[in-house]
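Peer 1: Sequence:
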Amino acid sequence: MNGAILLIIGLGIGIGIGLVIGALRINAERGKVALLEKQIEEFRAEENRLTSLNEQLKAVTSGMSALSTQAQEAELKRTRAEGEIRTQIENMKLGNENLLRETTKLAGALSNSQTRGK
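In our numbering, the protein residues as written are 1364 to 1481.
Simulated DEER-style distance windows between Cβ atoms: (1) Ile-1371 to Glu-1404: 41 to 51 angstroms; (2) Glu-1405 to Arg-1441: 47 to 57 angstroms; (3) Ile-1448 to Met-1427: 27 to 37 angstroms; (4) Ile-1371 to Arg-1393: 30 to 40 angstroms; (5) Ala-1434 to Gly-1471: 53 to 63 angstroms; (6) Lys-1440 to Gln-1419: 30 to 40 angstroms; (7) Ala-1437 to Thr-1414: 32 to 42 angstroms; (8) Leu-1413 to Gly-1385: 40 to 50 angstroms; (9) Ile-1372 to Asn-1411: 54 to 64 angstroms; (10) Met-1427 to Arg-1393: 42 to 52 angstroms; (11) Asn-1461 to Lys-1440: 29 to 39 angstroms; (12) Ala-1434 to Asn-1411: 33 to 43 angstroms; (13) Glu-1465 to Thr-1432: 44 to 54 angstroms; (14) Ala-1444 to Lys-1421: 31 to 41 angstroms.
Worth flagging that the hints you see were computed from the coordinates, not collected in a lab. Note that the Cβ used here is the ideal one computed from N, Cα and C, for glycine as well.
Can you build the whole structure from these sequences, using the hints too?
Peer 2: Set out below in structure tokens:
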């Protein structure tokens, strides 16, 4: 009878220890699950941040492309305007040279008394 009592006591202690170990394992698993859920949440937040950053980067890139295109167009306009100004300056130079030449001829003619009388 003592053997049966000891067996029942041992069985009770074994069940108790098993329940305690099971509860500890469940708590440990719950902790792991909570940690994994937290990591998943952090990864999602990081993914959202990166997505937002990529969208902002695309906007900046398209803005830079537009500015680059505008800069190229402005450079072409500047080059054309510079060419036109050079042409105008050259024409003015030729006009001034012609004016100077004619003025010199006229001054010479006016200073020559024979030419004045004619």
